[in-house]
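So the mapping is simple: this note's numbering equals the position in the sequence shown, first residue as 1, plus 2.
It should be emphasised that the hints constitute simulated quantities derived from the structure, not laboratory data.
Backbone N, C-alpha and C fix where the C-beta goes; we use that ideal spot for every residue, glycine too.
Don't take every hint at face value.
Label-pair distances were calculated between CB atoms; the ranges are [stated by the list, open to error]:
1) Thr-34 <-> Lys-256: 47 to 57 angstroms
2) Thr-130 <-> Lys-366: 33 to 43 angstroms
3) Lys-310 <-> Ala-82: 40 to 50 angstroms
4) Lys-310 <-> Ala-210: 29 to 39 angstroms
5) Ala-307 <-> Asp-334: 28 to 38 angstroms
6) Ala-82 <-> Ser-311: 46 to 56 angstroms
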Amino acid sequence: MRKYVVGALVLGLAATALVAAGGSAAKPGATTPFKVAWIYPGPHNDHGWSQAHDRGRLLVQKMLGSKVQTTYKENIFSNAQIPQVVAGLVREGYKMIFGCSFGNFSNGANGQLYKKYPDVLFEEATGTQIEKNQSQYFGAGEDTIYLSGMAAGAASKKGVIGYTVPFGTPEVVRHANAFTLGAQATHPGAKVKLIWTNAWYSPPKETAAASNLVSSGVDVLGQNVDSDATGVYAEKHGIPWAGYDSNAESSAPKEWLTAAVYNWGPYYLRRVKAAINGTWKPGFYYGSIKDGFTSLAPFGPKVSAKTKSMIAAKQKAIVSGKFDVFQGPLYDQKGKLMVPKGKTLKVLPDLYTMQWLVKGVIGKVSKVTPPG
């Protein structure tokens, strides 16, 4: 079973737990809606990451009705834009802000925003900086990405799969590794070839990457980028495709395999309710398949009954704790033992600092970091 640790501080997370570190939130007036904002790195309807977050926002609005007023800022692709965006939201009276991309509230000077606005509650996706009015949240996407990799491996005849990736952050690296390990579970010896777009969301770059991968000889495509452009290309050229972030089956109905998806809504609803009730506390949440945070999208027509059965069995083992995606022995690209037999990696610090690629990955970790 994976352990959840930040430095010497044991957060003691079960997959469903939110660990409190103390803190407070101002309760809105009885007739005044509580104003909550979301900041997206791409468009709210990108068929991927940002749209998944926006579905969560819409759930909050639907469930809480007149108790809340929500808004979003989209296409905030650079962390350098964040201070200005936050300042504008604060001027407009927003008391809780969800930053939905890496480093929004922790990269450089952005890590001091919580001090500048002590009466605002900050929540950052995929980070680690916890303060009296700042929380962190994400989840074990690596588990469902592993399962989607199983579908990709089974669909590949050549055993060479293309994977489009944005930046060389630990999040993306661990996801590429998980996808590769999943592919190797159904296609032993499978290789996964990486192409970096150096952008979270860029349909033109994603299309070009997909084209280059197919030209290089891959026969299945996967992705860790945010739009459905890879799938649109895959559908046009008859290449099976495993998506990411959202169910984008409609973008490639013939070639769709599945996707690791995130269900942000329940977390957002809990946190906004807590803020309204005055019970909000900072913490680190890492969701799982077990608590419904991450799941697989429906399978497409190219996933066989046998493959579905294998994936279901592996998912059951993950949920029960009998299998861990990063359990040893695991080797890096050069054959160095990185995780000994009988050992697993901790979420913090291991997965959140991962900068090595598993055996079978073709490519290097991009040195380009997210803008800002």
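Here is how each hint holds up against the structure:
1. Thr-34 <-> Lys-256: 47 to 57 angstroms: Holds, at about 51 angstroms.
2. Thr-130 <-> Lys-366: 33 to 43 angstroms: Cβ of Thr-130 to Cβ of Lys-366: about 25 angstroms, so the range 33 to 43 angstroms is violated.
3. Lys-310 <-> Ala-82: 40 to 50 angstroms: 45 angstroms, holds
4. Lys-310 <-> Ala-210: 29 to 39 angstroms: 32 angstroms, holds
5. Ala-307 <-> Asp-334: 28 to 38 angstroms: Because 35 angstroms falls inside the window, the suggested range holds.
6. Ala-82 <-> Ser-311: 46 to 56 angstroms: 48 angstroms, holds
Checked against the numbered hints given earlier, the structure breaks only hint 2 and satisfies all the rest.
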